[in-house]
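A.B. asks: So the chains spell out like this:
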Amino acid sequence: MKVPWPLYLAWKQLFPSQRKMSFFSLLAIVGVALGVNVMIVVIAFMQGFQNKFRNDIINNQGHARAVPLARYAGWKEIPKLMLDTEGVKAVTPYLHAQLLLQSGNYHSIPFVIGLRPEDGDEVLPIGAFLERGMTRLRADDGEDVTPLPTIDALEDEVVFVSTQAANRLRVRPASVVQVFEGNSSQRNPASSGRVRVARLDPYVETAEWEIQFDGQGSCVARENISGDEFAWEYDKGSLDLGFGYPVFEISKGATPFAAGDRFLFQVFKANKIEIYSPRMIEQAKADEMVPPKEVRIGGIFEMPSQGFQMEALIGTMRFVEDMRGEEGACDGFYLKFSDSVARNEGSLRAKCRELELLLDEDWAIVPWSVENAWFFELLQFEETLMIVIMVPIGLVAAFAIAIALMTTVLRKIREIGLLVAMGGRRVSVGMVFCLQGFVIGTIGALVGCGLAILFIHYRDALMTFIVDLIVGQEGQVGVTQFYDFQSLSIAYPWESPESMSTFLVFALFAIGVSTIAGLLPAWRAARLNPADALRNE
Amino acid sequence: MSDPGHTIVLEARGLAKSFQLGEASVEVLSCVDISLEESSSLSIQGESGCGKTTLLNLLARLEIGDAGEISWGGRKMMATDSFSSTESILRTRFLGVVYQAYYLIPELNVLENVLMAARLAGGPDQDSTDRARSLLSKMGVGQKEKQVPSKLSGGERQRVAIARALINTPKVLLADEPTGNLDERTGGQVMDLLLNACEEENTGLVLVTHNESFARSADSRVILSEGKTHPG
Chain A
1 MKVPWPLYLA
11 WKQLFPSQRK
21 MSFFSLLAIV
31 GVALGVNVMI
41 VVIAFMQGFQ
51 NKFRNDIINN
61 QGHARAVPLA
71 RYAGWKEIPK
81 LMLDTEGVKA
91 VTPYLHAQLL
101 LQSGNYHSIP
111 FVIGLRPEDG
121 DEVLPIGAFL
131 ERGMTRLRAD
141 DGEDVTPLPT
151 IDALEDEVVF
161 VSTQAANRLR
171 VRPASVVQVF
181 EGNSSQRNPA
191 SSGRVRVARL
201 DPYVETAEWE
211 IQFDGQGSCV
221 ARENISGDEF
231 AWEYDKGSLD
241 LGFGYPVFEI
251 SKGATPFAAG
261 DRFLFQVFKA
271 NKIEIYSPRM
281 IEQAKADEMV
291 PPKEVRIGGI
301 FEMPSQGFQM
311 EALIGTMRFV
321 EDMRGEEGAC
331 DGFYLKFSDS
341 VARNEGSLRA
351 KCRELELLLD
361 EDWAIVPWSV
371 ENAWFFELLQ
381 FEETLMIVIM
391 VPIGLVAAFA
401 IAIALMTTVL
411 RKIREIGLLV
421 AMGGRRVSVG
431 MVFCLQGFVI
441 GTIGALVGCG
451 LAILFIHYRD
461 ALMTFIVDLI
471 VGQEGQVGVT
481 QFYDFQSLSI
491 AYPWESPESM
501 STFLVFALFA
511 IGVSTIAGLL
521 PAWRAARLNP
531 ADALRNE
Chain B
1 MSDPGHTIVL
11 EARGLAKSFQ
21 LGEASVEVLS
31 CVDISLEESS
41 SLSIQGESGC
51 GKTTLLNLLA
61 RLEIGDAGEI
71 SWGGRKMMAT
81 DSFSSTESIL
91 RTRFLGVVYQ
101 AYYLIPELNV
111 LENVLMAARL
121 AGGPDQDSTD
131 RARSLLSKMG
141 VGQKEKQVPS
151 KLSGGERQRV
161 AIARALINTP
171 KVLLADEPTG
181 NLDERTGGQV
191 MDLLLNACEE
201 ENTGLVLVTH
211 NESFARSADS
221 RVILSEGKTH
231 PG
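Chains as they are written, first to last, in this note's numbering: chain A, 1 to 537; chain B, 1 to 232.
Just so you know, these hints were derived from the structure itself, not from any lab. Backbone N, C-alpha and C define an ideal beta-carbon position, used for all residues, glycine too. The reader is advised that the hints may include incorrect statements.
[What the hints assert, rightly or not] In the DSS-like style, the derived pairs of lysine-lysine whose C-alpha atoms are separated by at most 27 Å in a straight line are:
#1 B:LYS76 <-> A:LYS12
#2 B:LYS144 <-> A:LYS2
#3 B:LYS138 <-> B:LYS151
#4 A:LYS236 <-> A:LYS252
#5 B:LYS228 <-> A:LYS12
#6 A:LYS285 <-> A:LYS89
#7 A:LYS2 <-> A:LYS52
#8 A:LYS252 <-> A:LYS272
#9 B:LYS228 <-> B:LYS76
#10 A:LYS285 <-> A:LYS272
#11 A:LYS20 <-> B:LYS146
#12 A:LYS20 <-> B:LYS151
#13 A:LYS2 <-> B:LYS76
#14 A:LYS76 <-> A:LYS336
#15 B:LYS228 <-> A:LYS20
#16 B:LYS146 <-> A:LYS336
#17 A:LYS336 <-> A:LYS52
[What the hints assert, rightly or not] A short, non-exhaustive set of chain B residues, derived as facing chain A with CB atoms under 7 Å:
#18 SER88
#19 GLN100
#20 GLY180
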């Protein structure tokens with residue numbers, strides 16, 4: 001295929017023979033590439049934040065909330081009714097409350113969520129919240145081996161508190177540390193097998209457990225404070241002494257346990273907190289003796305977007321009913337839909353409306369996007385504002401290209417005259433300069449897109465570096481926790497149509513602006529009288 | 001000026017051109033007649049500023065005249081008409097141009113410079129590439145086809161410019177003081193090459209020169225003076 005001569009000459013003027021690239025081409029391409037890169041990266045990060053907040057909100061309250069429009073007594077049949085509707089994956093009832101917590105001299109007034117242990121984690125990922133909130137004790141001569149709590153630990157006298165509430169009240173759930181000392185100072189004694197704590201319920205008391213092997217398939221578990229001893233034939237299963245005791249189990253290594261192998265565990269009991277409800281405070285004002293409710297800490301959790309709900313508590317629905325003094329109450333349901341419904345905002349709204357009609361419009365079914373519309377409008381506004389601020393970056397690059405090409409036209413006036421003298425049409429001569437703008441824009445856009453993909457790929461390292469640069473190591477924890485940079489999900493262009501359109505829009509913008517920048521020099525070149533051009537000194 | 005029976009390839013009748021200098025109008029050419037027979041050469045001499053280059057520009061239709069008629073191989077055009085794109089297409093095949101200052105494109109190497117003229121005529125193809133190499137060899141710069149113009153001497157640059165002017169086998173070559181930037185010996189060599197190449201290629205030559213001996217080597221001569229041509 002023959003390349004049209006204006007494109008050939010445009011290319012050669014940018015990338016001359018015997019030279020890889022002219023200095024002007026290099027600067028112009030770098031300018032366009034940086035502009036495209038900055039625009040894409042900023043918008044991609046904004047979209048990443050939007051996706052993160054969207055996922056956080058869905059994790060915190062499901063795809064939608066069902067809220068009764070009037071007090072609704074017969075709510076217990078509703079979950080089944082809704083679950084029978086196509087596209088509804090899970091329905092979890094909840095109660096909300098505001099309570100006063102006290103631990104010693106410390107107080108907290110957290111946002112309280114009441115859930116049923118049997119289905120409380122079907123919409124909200126409570127397990128993931130507890131994992132996020134888990135902080136291990138640090139000891140030079142030991143290792144915190146506390147098993148991760150689950151929603152099964154939730155009882156009417158056991159609650160989970162958020163990291164912020166736990167820190168304010170100075171409380172912890174039960175924990176266990178494996179101690180390395182004496183002849184058990186090796187992390188892996190002779191056998192290379194381990195003794196693990198399989199369960200630690202919130203009712204365990206502070207204790208020191210020593211498990212000593214006899215080298216013949218059994219061992220003795222001794223509690224050193226009470227002096228209680230229990231024989232354990234570990235080949236037959238775990239050591240489960242019932243509620244209030246840790247459950248131990250064996251994890252065998254390559255060689256059997258030897259006589260004298262010993263494992264030490266230090267158990268710390270869970271803290272208790274006292275809880276007052278507004279009703280109790282009213283009763284106290286009326287001189288009634290109202291003892292606070294005492295509960296144990298079953299776990300510490302961390303919900304995403306902690307900035308919105310700093311101090312929180314999760315208890316059973318019965319616990320919240322008890323504190324509110326209401327029986328059979330339900331403030332609403334968290335709903336989770338199938339991916340096909342949740343993926344599209346239109347189908348999500350339609351499904352919510354379908355459920356409202358199913359429930360005779362006694363309930364309002366509010367999708368997450370409607371409930372948090374103000375927040376996403378704010379983010380959208382920020383995104384638009386960023387675009388408005390960044391577009392001049394592209395225009396500045398375009399001005400630079402226009403000026404450089406204009407200078408080239410002045411420098412090449414006699415060549416322009418010669419091209420016409422050799423038979424080149426004046427429009428085609430003008431095209432040489434317009435195409436230079438196009439080539440610069442296209443290469444710059446491609447390089448810019450490539451840089452943006454690199455930035456997205458290395459975003460975590462980049463963000464750590466930037467945050468470290470701005471707030472230093474000390475501030476990094478706070479910034480990371482609030483913005484959650486580590487988990488910021490930014491889609492590559494091949495992963496999401498939204499990301500692809502961002503890349504395309506800015507690449508086409510750069511190509512368009514660069515080409516337009518070449519128009520003025522092109523027009524000037526095309527207007528030159530060839531005879532005057534040839535006479536030019 | 002022309003023998004009966006020979007075809008006229010380039011002809012101008014009654015060409016006139018004046019330039020505006022402030023409020024005054026300076027007449028450079030008035031009623032100039034010129035004709036060039038096929039495969040012949042014509043030299044134009046005259047003092048500096050007498051309008052030789054203007055005459056060449058008018059003949060090449062790079063400048064609009066005030067009066068007159070021009071004929072390219074029998075195709076008549078009014079010198080006063082605006083340029084047309086049809087003329088551009090015709091120009092690539094009909095005319096070759098050589099200038100005193102060579103005007104090679106600095107970003108292209110020697111071969112690419114020669115082929116640029118072929119590109120303007122819709123090429124290049126393998127034939128034109130072979131022809132470009134052959135012309136460069138004929139001009140004695142065949143070994144330098146990959147060099148960029150800045151690495152060449154003045155004589156070499158002009159040889160490349162001549163090869164470029166001849167690549168599309170034009171009917172007429174307009175040469176505007178092609179040896180003006182060269183020393184006498186190199187200028188003589190370049191002029192010999194130019195005359196020989198035109199003869200071999202059957203290309204008519206209009207040569208503007210100050211050099212008396214170069215002018216005499218053309219088949220016919222005219223002297224431009226006071227806006228008119230006079231037999232030399």
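A.B. asks: Determine which of the earlier numbered hints do not hold for this structure and return their numbers in increasing order.
C.D. replies: Result: hints 1, 5, 6, 7, 8, 13, 15, 16, 19 and 20 break, sorted rising.
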